[in-house]
Amino acid sequence: MTDASTEQVRSEPVSGRAAAGKATAAHGGGDLQMRSLTKRFGTFTAVDDLDLVIPQGSFFALLGPSGCGKTTTLRMVAGLEEPTAGTISIGAEDITATRPYKRPVNTVFQSYALFPHLDIFENVAFGLRRRGSKNIKQQVNEALELVELAQMGRRKPGQLSGGQQQRVALARAIVNRPSVLLLDEPLGALDLKLRRQMQIELKRIQTEVGLTFVHVTHDQEEAMTMADTIAVMNQGRIEQMGGPTDLYENPTTTFVANFLGQSNLVRAKVTSRGSDVLEVEAEGQAFTLPARRSFSDSDEIWFGVRPEKLSIGQGDAAEGLRGVITDTSFIGVSTQYLVRLPWGQEITAVRQNDGAPILRPGEQVTLTWDPRHAFALDASQDAHAGEDFGEGELLGSKG
Amino acid sequence: MVALLWTLALLDAAVLAYFLIRSLVNGRGPVRWLRENVILIIAVLSFEYLLLPNIVVVLFSFNQPNGRFNYTWTRFSLHAWQHPCDAAGMCSSLGLSLKIGLVATLAATVLGTLIAFALGRHRFRGRASTNLLIFMPMATPEVVMGSSLLTLFLSLKIPLGTTAILIAHVMFCLSFVVVTVKARIASMDPRLEQAAADLYATETQAFLRVTLPLVAPGIAAGALLAFSLSFDDYIITNFNATTGSITFPMYIWGAAQRGTPVQINVIGTLMFVIAVLAVLVGQTLGRRRRV
Ligand SMILES: Nc1ncnc2c1ncn2[C@@H]1O[C@H](COP(=O)(O)OP(=O)(O)OP(=O)(O)O)[C@@H](O)[C@H]1O
Ligand SMILES: [Mg+2]
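If you read the sequences in order, they're chains Z and C. Quick note: the first sequence, position 349, residue 349 per this note's numbering, numbers continuous. Here this note's numbering runs 1000 ahead of the position in the second sequence, where the first position is 1.
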């Protein structure tokens, strides 16, 4: 991890804390803090020296490829997995050794884990009954209404569809109003419409009640639209953390650049370092970028521009990169082009369908961009890191 | 007895003939009907074969034999049903068998369930060998086990009789309970208990409210198995019994030398009915809590 990203891990929570101020007053909890949290299974390190502060009342998304340690992290917070090293605390209270049933934490399990012998109502009432709550009937019915399953109270979990079971799991956790709610891909089994609806509901519950949500998801768009802070996780470590815009616009590693949306990375060399502007050279052409968007100390860099930041001009131009269109994919709201550069590399450009004619493969084009949108990453990293996992969904549906 | 078989065969033939004629009348052809229903016919015949002994038991409980042996059908009578304890010593032996069966079942079920949880849920040194040893009593021939137990009791100076029989029964029922309950535990998702813990249930609450209800069908099956094994056992019991501890199977065996009272069939019929009822109740409960 570079210095820059470590810096963000430290600085981000401070800005989040102010926003969560009113919730802190209403609840006894506090920030969820993990210090040097590590989990090893034998010789395999699933979670590697994690340092994380999740401000109270914030909506925190954990995003990362399958097997990167998201579930393991949540299980340690819930107390279902014992950390190999490190501590977990909520507010001032260290809960590392606290039994799971004493933690003010509830989990929506990735596998639902509904009690098969209890009906839906009793599943949702389980946590309330253990704590001897009052008005159980009313609270459960409200929770079931929230997930649109009010009529299903007397059914058994086995009689529900996967998506309905997932919503029961959600209701069963939310009804307890814990200080920290852990959601392990809670919307994975839902169709798009219901998913969007539940996203809005979740966000509403979170802001209304002021709970801290730790939300694990594969869906970049879900993370971007819902979360205050996103942490991109890779191989047991936090690759980068920040607000959705910050993370998307200023990726500090090639993994993040490729995992969140898409990036065009061209090999380049720094020729001069000004205080504001960096001059670089790639394949004999000179480019510039803002010095604060360079995340490399070395002079060997990946010069990056996001596909939607490129504008496509026809014919020859004095500036920009010349190339030939090799592929055109019409997406609806936008069109995605593959452009082959003179040295053989293919890069992606996306153009809004604002009425301009769609270009055909074989056409000569010139790609230009605002130098302020360019960024630089350390060239010692793999340019394709994180590419196989990224779904490109963000660009696809948002244009 | 032969008459019974003839009756049954005639009944089968009549039913078959009825369906064949009906298929002829419908114009669909008897061969086709046979081909479509061959599995059903075989199933019905197999069931008759399976249930024939039970039918005989029930039928002969209404017999009034001339001699001391209830082996030939003489005339219908309700005498045995009205005076079930008339056969000398039978009811006390039945009482003893029921008592031993219940106590042995209780002990074997509790111990066996605990062992099953230890084996199914915890990793400890010697777990694999314990798993293997649990199978030993099931694999040992009963005669061998009976005589070994006799030797053991004699050398330890444990008096033979009811206590010795109980110890023996608990021992051989245990393995069956362990195997049955362990299978049920293995099929249960451990994340359910974690979900319970996550929802504020202490270990005890999670066990009572989640684990136990889910494992209960296995425990019930193990207990039923244990009871029928204990109630039924003759060989091991006989080795370790005294004249003061005659169990029901021993009584019947002894009686068979001198004459078989009709009351034995009454008890047999009752056992059969109770077993069928137990299965029916179990299935209804199972359907109600179907997952
Ligand atoms: N009990 C365990 N024993 C050994 N390895 C484990 C165990 N639990 C998890 N792992 C390993 O730890 C790594 C992280 O697992 P984890 O379940 O946290 O992944 P994840 O990020 O939640 O993935 P997904 O998105 O697929 O759910 C995986 O490589 C997994 O194989
Ligand atoms: Mg997971």
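Be a bit skeptical, because a hint or two may be false.
Unchecked claim - Derived pair list, reagent style EDC-like, types lysine to aspartate or glutamate, alpha-carbon separation capped at 16 Å: (1) Z:193 x Z:228; (2) Z:102 x Z:119; (3) Z:102 x C:1193; (4) Z:102 x C:1203.
Just so you know, the hints here were simulated from the structure itself, not pulled from any lab data. Because the structure is a prediction, the values reported are computed rather than measured.
Results of checking the hints against the structure:
{"no.": "1", "hint": "Z:193 x Z:228", "in the structure": "23 Å, violated"}
{"no.": "2", "hint": "Z:102 x Z:119", "in the structure": "25 Å, violated"}
{"no.": "3", "hint": "Z:102 x C:1193", "in the structure": "15 Å, holds"}
{"no.": "4", "hint": "Z:102 x C:1203", "in the structure": "11 Å, holds"}
Checked against the numbered hints above, the structure violates hints 1 and 2; every other hint is satisfied.
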